[in-house]
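Student: Chains as they are written, first to last, in our numbering: chain A, 1 to 169; chain B, 1 to 189.
Note that these hints are calculated values from the structure, not bench results. All figures in this text were calculated on a predicted structure; none of them were measured in a lab. Heads up, a few of these hints could be off.
Claimed, not checked - Under the rule of at most 25 Å between Cα atoms (straight-line distance), these lysine-lysine pairs were calculated in the DSS-like manner: (1) B:Lys35 x B:Lys87; (2) B:Lys35 x B:Lys120; (3) B:Lys87 x A:Lys36; (4) B:Lys65 x B:Lys87; (5) A:Lys79 x A:Lys40; (6) B:Lys185 x A:Lys20; (7) B:Lys65 x B:Lys127; (8) A:Lys104 x B:Lys35; (9) A:Lys19 x A:Lys40; (10) A:Lys141 x B:Lys35; (11) B:Lys185 x A:Lys19; (12) B:Lys80 x B:Lys127; (13) A:Lys138 x B:Lys80; (14) B:Lys120 x A:Lys138; (15) A:Lys32 x B:Lys120; (16) B:Lys35 x A:Lys138; (17) B:Lys127 x B:Lys35; (18) B:Lys120 x A:Lys141; (19) A:Lys141 x B:Lys185; (20) B:Lys65 x A:Lys138; (21) B:Lys65 x A:Lys141; (22) A:Lys32 x A:Lys20; (23) B:Lys35 x B:Lys65; (24) A:Lys40 x B:Lys120; (25) B:Lys84 x B:Lys185; (26) B:Lys65 x A:Lys20; (27) B:Lys120 x B:Lys84; (28) B:Lys127 x B:Lys185; (29) B:Lys35 x B:Lys80; (30) B:Lys35 x B:Lys84.
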Amino acid sequence: MDLFMPLFIAAVVVLGLIKKVPIFEAFVIGAKDGIKTLYKIAPTLVGLIVAVDMLKSSGATDVLCGAVTPLADALGFPKEIVPMLLLRPISGGGSTALLTNIYKDCGPDSFAGQAASVLAGSTETTFYAVAVYFGSVKITKTRHTLISALAADFTAAVMAVLTVRLILQ
Amino acid sequence: MLNYIFGGIIIISVIFGIFTGNGSALADGIINGAKDSISLLTAMAGMMLLWSGIMEAASQGGFTKIIGRALSPVLRRLFKNVGKDSKALNYISMNVSANLLGLGNAATPFGLSAMGELYKLGNSSEKASDDMVTFVVMNTASIQLMPTIVGTLRQNYGSQTPFDILPCVWISSACALAVGLGLSKLLRR
Chain A
1 MDLFMPLFIA AVVVLGLIKK VPIFEAFVIG AKDGIKTLYK IAPTLVGLIV
51 AVDMLKSSGA TDVLCGAVTP LADALGFPKE IVPMLLLRPI SGGGSTALLT
101 NIYKDCGPDS FAGQAASVLA GSTETTFYAV AVYFGSVKIT KTRHTLISAL
151 AADFTAAVMA VLTVRLILQ
Chain B
1 MLNYIFGGII IISVIFGIFT GNGSALADGI INGAKDSISL LTAMAGMMLL
51 WSGIMEAASQ GGFTKIIGRA LSPVLRRLFK NVGKDSKALN YISMNVSANL
101 LGLGNAATPF GLSAMGELYK LGNSSEKASD DMVTFVVMNT ASIQLMPTIV
151 GTLRQNYGSQ TPFDILPCVW ISSACALAVG LGLSKLLRR
């Protein structure tokens, strides 16, 4: 799996050279977009990480995690990922803040750390996407979009836990 | 929405911290949180720039077109009311390809154009058409090949094998997408 990235990059370079694309110029243009994204997400991330750290140091997350433990156990989820599961469809920055907290507390290679990583990688900020896409064409009746999208998010969570347990643990 | 989440978290933390005597830990949390958030951003920065650059090169080299061509039979079946050579299908395929490559910034404008085309096809009513629902559900299920940010964060926190999660990510997103699309078809009336 570690070879996936180097091989992918090599493939991009080879294809670019064959097609006589100015690959380095393209790279620089793309990287500029990357720095713009970073600039855009920085304020959101700082605000939300501070909020999540406050919640953690106040001791409230321990109580919250304690409260969701029965539910998490029933589903076979590590209890640490439940808050992230709830926040994921609403806020990308907020779930990144929770993700790094799980890495800090349990380690990135723990069951909770791996499951949270897969969850983060296989879901999107659902409410945001629905709002942006339908908002752009002024659709107000979104019918069964949200229920289908949230069912997909829940499936991703179940599968994240299941695949990590079967493949990585 | 985010206003209430942000506000709610802070108010709960402060009240909780004071009542449980964690007041000084709370102050530490604020200072450390601010500091950590910036080290997190610098940890992600290099990878984000690198990957956006590589993906732009991939896209200019024709990767987006290759993926789009490969996906076209599937997409044509999913979007029944969209013509084979229509602008709508073209934008949809560009959007999906960009998403697969992790080019979120490029995917959104294509997606918005696709929605515009679907809107015209759907008699411009305020009710979402079947195709619009399918398309938005597809965009809420993340379908990227390489979750670079997650991998970078894991490595930053000391993971030995930051990208060992890839097969799990692929399986999970494929299942999520299948459930999302299946349900959106089932619930049509």
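Student: Given the proposed pairing of Lys120 (chain B) with Lys138 (chain A), does the C-alpha separation stay at or below 25 Å?
Tutor: This hinted pair holds, its Cα atoms lying about 12 Å apart.
Student: Given the proposed pairing of Lys65 (chain B) with Lys127 (chain B), does the C-alpha separation stay at or below 25 Å?
Tutor: Violated, at roughly 32 Å.
Student: Please work out if Lys120 (chain B) and Lys141 (chain A) have their alpha carbons no farther apart than 25 Å.
Tutor: 16 Å, holds
Student: Sort out whether Lys80 (chain B) lies within 25 Å of Lys138 (chain A), counting only the CA atoms.
Tutor: 23 Å, holds
Student: Is the straight-line distance between the alpha-carbon of Lys87 (chain B) and that of Lys36 (chain A) 25 Å or less?
Tutor: Between Lys87 (chain B) and Lys36 (chain A) the Cα gap is close to 29 Å, so the pair fails against 25 Å, i.e. violated.
Student: Run the distance test for Lys32 (chain A) versus Lys120 (chain B): straight-line Cα separation, threshold 25 Å.
Tutor: Outside the cut-off at roughly 34 Å; violated.
Student: Hey, Lys79 (chain A) versus Lys40 (chain A), does the alpha-carbon distance stay inside 25 Å?
Tutor: Between Lys79 (chain A) and Lys40 (chain A) the Cα gap is close to 31 Å, so the pair fails against 25 Å, i.e. violated.
Student: Just to be careful, I want the Cα atoms of Lys84 (chain B) and Lys185 (chain B) compared with a cutoff of 25 Å; is the pair within it?
Tutor: Holds, at about 20 Å.
Student: Could you grab the alpha-carbon distance between Lys127 (chain B) and Lys185 (chain B) and see if it respects the 25 Å cut-off?
Tutor: 16 Å, holds
Student: Need the status of pair Lys120 (chain B), Lys84 (chain B): alpha-carbon distance at most 25 Å?
Tutor: 16 Å, holds
Student: If you draw a straight line from the CA of Lys40 (chain A) to the CA of Lys120 (chain B), is it 25 Å or shorter?
Tutor: 32 Å, violated
Student: Is it true that the CA of Lys65 (chain B) sits at most 25 Å from the CA of Lys20 (chain A)?
Tutor: OK: Lys65 (chain B) and Lys20 (chain A) at ~16 Å, within 25 Å.
Hints 1, 2, 3, 5, 6, 7, 9, 10, 11, 15, 16, 17, 20, 21, 23, 24, 29, 30 from the list above are not met by this structure, while the remaining hints are.
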